[in-house]
Each structure stands twice: as C-alpha cells, then as structure tokens.
Amino acid sequence: MKVSEISRKIVKHLRVYFVLMKASISTEMTYRLDFLSQISGSIIEILSYWVFIEIIFSKFDSIAGWGRFEVIAIFGAFTFTISLLKSVLLDNVRNIASKVPNGELDQYLAKPISPLFLISLENFHVFYLARCVIGIIFMYYGLSNTDFILDASIVPEMLYVIVLLSVIYYSILLSVFSISFWAGNISHGYWVFISLSEIAKIPMSAFHGAWKILFVYAVPFVLFGAVPVGLLLGRIPQNTLLIFTLIAVAWLFIGRVIWKSGLRSYTSGGG
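In this text, residue positions in the sequence shown follow my numbering: the first is 10, and each later residue adds one.
No wet-lab data here; the hints were simulated from the structure. Please note that the accuracy of each hint is not assured.
[Unchecked claim] Here are the simulated lysine to aspartate or glutamate pairs, DMTMM-like style, with alpha carbons at most 25 Å apart: (1) Lys18 x Asp115; (2) Lys68 x Glu207; (3) Lys95 x Glu113; (4) Lys95 x Glu14.
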C-alpha cells in the first residue's frame with residue numbers, strides 16, 4: 010500500500026471520528042442535568058477513595074515500601090488514565106457484546122468504513138474529562154511532596170505509556186467481547202474488568218508469585234497507576250516499557266485474530 014493511500018485513509022478516519030465526537034458531545038450537553046450528576050458522582054467517588062487512603066496512612070507508614078504521597082500519586086495516575094480510556098475507547102468496545110447477538114452489527118458492516126473503528130469510537134464521553142483533571146491534580150499533589158523533579162524529557166515517555174495502555178486494554182476487551190460471536194451477550198464482563206482494574210491503585214511491589222504474573226504481566230493492570238508513577242520516581246527500570254511493548258503486541262494480535270474469526274462466522278440479524 011502506498012504512503013499516499015495510507016495518508017488518505019488516516020485523514021478519512023480522523024474526519025469520521027471528529028464527526029462522531031461532535032455528535033456525542035452535543036448529545037451529552039442536551040441532557041445537562043444528567044451530565045452534571047455524573048460529574049458530581051465522580052467527584053464524590055474520587056474524594057471518598059482519597060479519604061480511604063488518608064485513613065490507611067493514619068495507621069501505617071507505607072504500603073509495600075511506598076509512602077503516603079507516592080500512593081496518592083498512583084491513585085491520581087489511575088484516575089487520569091482509566092478515565093481517559095473510558096472517555097474514548099473502553100465504554101464503546103463493550104458494545105460489541107450486545108450488538109453482535111442482537112444483529113445490530115449489520116448496520117456497521119453496511120458502511121464504507123471499518124466496523125470495528127465505528128463501534129470502538131462512536132461515542133465520546135466528555136464527562137470523564139472532569140475525572141481526568143482531578144486525576145492530574147492528585148498526581149501533581151502526590152509527586153510534589155516527593156523527591157520528583159519535573160523534566161520535559163519525561164513527556165514522550167508518559168505519552169508512550171498512555172499508548173501502551175490504550176493498546177493493551179482495548180485489545181484485552183476486544184478479545185473478550187469478540188467471544189460474543191459464539192457465546193452471545195457477555196457485556197457483564199466489562200464490569201468484571203473495571204472492578205479488577207482497581208488493583209492498579211496498589212503499588213507494583215505488592216504483587217508476588219502468581220499474582221505478579223497475572224496482574225503485572227498477563228493482564229497488566231499496574232499500567233494504570235503504578236507504572237507511570239514508578240517511572241517518574243525512578244523506582245521502575247526503563248526496560249519495563251520494552252516488556253509492556255511486547256505484551257501490547259501480543260494482545261493486539263490476539264484481539265484481531267478473535268475479532269476477524271468472529272466476523273467470518275457472523276450471521277446477520279436477518280439470517
């Protein structure tokens with residue numbers, strides 16, 4: 010495929026995405042009371058967990074060698090990253106689990122653009138951006154009370170971590186929900202995933218043995234919080250990113266294989 014053709018496809022998909030984003034924002038702004046209630050609920054949830062952290066550290070000096078402000082920074086990083094991914098990707102990809110059994114996938118297959126692209130990005134949940142801002146505030150508050158020194162050179166590294174996050178967790182959910190081609194509606198699996206992601210608030214060094222293999226390498230929830238903060242504080246070796254890059258490639262391959270296999274076996278809603 011020529012470079013010019015690839016460029017045209019990228020531009021085409023970007024245009025479609027911005028149209029979808031604009032439509033989503035307009036819809037959410039129409040229901041302002043619901044929008045404000047979602048933001049209020051998010052703030053209360055986040056502040057409640059902060060109070061929980063303060064209670065824990067009123068009894069203990071550290072958790073697995075991580076102090077109070079380091080754990081607050083991890084909590085901030087988790088809040089930012091999970092909210093960012095949910096605003097763009099995660100809350101969309103779960104729709105595969107319901108659209109496939111109900112035959113709603115037909116309307117995406119009929120369009121002249123990738124059905125996976127449309128399903129994955131059709132809604133932009135703007136209220137999650139408020140959670141992103143709160144996450145950044147907590148992360149800054151935690152890091153500013155440690156030995157961390159802000160350096161512009163860390164920006165590319167953090168952006169790369171976000172890319173890895175996006176690829177890994179999108180691919181994991183794509184793998185799981187593509188099973189709906191054979192198993193029917195399994196959308197409840199999304200909430201299992203979100204519940205397990207809370208593990209990311211725990212410092213990476215707290216995991217040992219089989220739990221470390223599962224939650225650090227196989228399904229690396231630690232990427233949501235502990236890894237970004239650990240890299241910023243120099244508590245995690247740089248080659249960790251190489252390991253997670255390989256994990257991202259593996260999950261992307263698995264997700265694409267299951268999705269394509271499911272498409273080949275798909276029978277439309279009309280039979």
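Each hint tested on the structure:
Pair hint Lys18 plus Asp115 holds up; C-alpha atoms about 22 Å apart against a cutoff of 25 Å. This hinted pair checks out: Lys68 and Glu207 have alpha carbons roughly 22 Å apart, not beyond 25 Å. For the hint pairing Lys95 with Glu113, the CA-to-CA distance comes to about 22 Å; that is within 25 Å, so the pair holds. Distance check on the hinted pair: Lys95 and Glu14 sit about 31 Å apart at the alpha-carbon level, beyond 25 Å; violated.
Violation of the numbered hints given earlier is confined to hint 4; every other hint is satisfied by the structure.
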